[in-house]
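Line by line, the protein sequences are chains A and B. With positions in the first sequence counted from 1, the corresponding number in my numbering is that position plus 3. With positions in the second sequence counted from 1, the corresponding number in my numbering is that position plus 148.
Be aware that a few hints might be false.
Partial chain B-side listing against chain A, Cβ under 10 Å, derived [as the list claims (entries may be wrong)]:
(1) Q154
(2) R170
(3) Y184
(4) Q186
(5) N189
(6) Q190
(7) Q193
(8) T220
(9) G242
(10) K247
(11) L248
(12) V249
(13) F250
(14) G253
(15) L257
Now the in silico label distances, taken between C-beta atoms and shown as ranges [claimed, not checked]:
(16) E219(B) / E54(A): 32 to 40 Å
(17) G43(A) / E214(B): 23 to 31 Å
(18) S200(B) / G6(A): 21 to 29 Å
(19) N209(B) / S62(A): 30 to 38 Å
(20) S157(B) / K25(A): 29 to 37 Å
To list a few chain B residues with every Cβ distance to chain A over 12 Å, as calculated [what the hints assert, rightly or not]:
(21) E163
(22) V167
(23) G210
(24) E212
(25) H223
Since the hints were made in silico from the structure, they are not lab data. Predicted model, so just to flag it, every value in this text is computed and none were measured. No residue lacks a Cβ here, since even glycine has one placed at the ideal position from N, Cα and C.
Next come the chains, spelled out residue by residue.
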Amino acid sequence: AAGVIQSPRHLIKEKRETATLKCYPIPRHDTVYWYQQGPGQDPQFLISFYEKMQSDKGSIPDRFSAQQFSDYHSELNMSSLELGDSALYFCASSLGPGLALNNEQFFGPGTRLTVL
Amino acid sequence: AQSVTQLGSHVSVSEGALVLLRCNYSSSVPPYLFWYVQYPNQGLQLLLKYTSAATLVKGINGFEAEFKKSETSFHLTKPSAHMSDAAEYFCALGVSFQKLVFGTGTRLLVSP
Chain A
4 AAGVIQSPRH
14 LIKEKRETAT
24 LKCYPIPRHD
34 TVYWYQQGPG
44 QDPQFLISFY
54 EKMQSDKGSI
64 PDRFSAQQFS
74 DYHSELNMSS
84 LELGDSALYF
94 CASSLGPGLA
104 LNNEQFFGPG
114 TRLTVL
Chain B
149 AQSVTQLGSH
159 VSVSEGALVL
169 LRCNYSSSVP
179 PYLFWYVQYP
189 NQGLQLLLKY
199 TSAATLVKGI
209 NGFEAEFKKS
219 ETSFHLTKPS
229 AHMSDAAEYF
239 CALGVSFQKL
249 VFGTGTRLLV
259 SP
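In isolation and in its complexed conformation, chain A is listed as follows:
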């Protein structure tokens, strides 16, 4: 079965550079979530989109922005990168928003961002 696709899988950037992470949800899934997992830490919710509109927002820095496109894929744009942004960034998708019985979040393999 098709899963959530994230690209790139690994990314190395210098401080103050920009990075763009991409997420392709499972076909027919209309909701996308972004999470950040620092080294040895639990995943932290950043932001989510439903039907191309932002649906919820967590601890996402102002330097980060995200959007969901007409084909439901999403991009997380990160500017003025800092050393502390080094983390594993997960994307998840679901069919419909909310955490009801059938709206399970399926996670992608993550993008590992290293800021030097």
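Model the placement of chain B on the given structure of chain A, informed by the hints.
Chain B only, in chain A's frame:
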């Protein structure tokens, strides 16, 4: 505030032994609770979920969890550990109808 606490950052068991990973939650509304497993360099895979139906939830790979409101707990168990169960396990709470709040994770080590 809604939060999740996982007791024990590391749990070590022998192959064939009982696995018990502890999770306590704090929520002002009836919770949605989840257990995820993460293998090295991989994404999060859902093991099981509680959504106010049966309090004993069975998941994949022989895992199950019991929701106990009086104890605000959702501990994960498996009767007999396999080597392949060695991974990081996260308990998560569904909040604000969408996002998940994760615990700090428990690394399960299985020795032969």
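Status of each hint after checking the structure:
Hint status for Q154(B) relative to chain A: holds, with the closest Cβ pair at about 9 Å, below 10 Å. Interface restraint check for R170(B): the shortest CB-CB distance to chain A comes to about 15 Å, outside 10 Å, so the restraint is violated. Annotation: Y184(B) was flagged as interfacial toward chain A, and the flag holds, the nearest CB pair being 8 Å apart, inside 10 Å. Against a cut-off of 10 Å between C-beta atoms, the interface hint on Q186(B) holds, since the closest Cβ of chain A lies about 9 Å away.
A distance limit of 10 Å between C-beta atoms decides the matter here; for N189(B) the minimum to chain A is near 8 Å, and the interface restraint holds. Given hint, Q190(B) at the interface with chain A, holds; its Cβ is 6 Å from that chain's nearest Cβ, closer than 10 Å. Taken as an interface hint, Q193(B) checks out: its beta carbon lies about 7 Å from the nearest beta carbon of chain A, inside 10 Å. Violation of the interface hint for T220(B) is found here, the shortest Cβ-Cβ separation to chain A being roughly 18 Å, above the 10 Å cut-off.
The closest approach between the C-beta of G242(B) and any C-beta of chain A is roughly 4 Å, which is under the 10 Å cut-off, so the hint is satisfied. Because the beta carbon of K247(B) sits about 4 Å from the nearest beta carbon in chain A, less than 10 Å, this interface hint is met. Among the interface hints, the one on L248(B) holds; its C-beta lies about 6 Å from the nearest C-beta in chain A, closer than the 10 Å criterion. The interface hint given for V249(B) is met, as the beta carbon of that residue sits about 7 Å from the closest beta carbon of chain A, less than 10 Å.
Given hint, F250(B) at the interface with chain A, holds; its Cβ is 4 Å from that chain's nearest Cβ, closer than 10 Å. For G253(B), the shortest C-beta to C-beta distance to chain A is roughly 6 Å, which falls under 10 Å, so the interface hint holds. With its C-beta approaching chain A no nearer than about 16 Å, L257(B) sits outside the 10 Å limit, and its interface hint is violated. Checked against the given bound of 32 to 40 Å, the beta carbons of E219(B) and E54(A), roughly 39 Å apart, stay inside it.
Taken as a hint, the range 23 to 31 Å holds for the pair G43(A) and E214(B), whose Cβ atoms sit roughly 28 Å apart. Checked against the hint of 21 to 29 Å, the C-beta distance between S200(B) and G6(A) comes to roughly 28 Å, which is consistent with it. Under the hint 30 to 38 Å, the C-beta atoms of N209(B) and S62(A), about 31 Å apart, fit the expected range. The given range of 29 to 37 Å is respected by S157(B) and K25(A), whose C-beta atoms sit roughly 32 Å from each other.
Residue-level check passed: E163(B) sits 26 Å from the nearest beta carbon of chain A, beyond 12 Å. For V167(B), the condition that its CB be more than 12 Å from all CB atoms of chain A holds, with the nearest at approximately 20 Å. Against chain A, the non-interface label of G210(B) holds: every CB pair exceeds 12 Å, the least being about 20 Å. Listed as a non-interface residue, E212(B) keeps its Cβ farther than 12 Å from every Cβ of chain A; the least gap is roughly 17 Å.
For H223(B), the non-interface assignment is confirmed: its Cβ lies about 18 Å from the closest Cβ of chain A, beyond the 12 Å cut-off.
Comparing the model with each numbered hint stated earlier shows that hints 2, 8, 15 do not hold.
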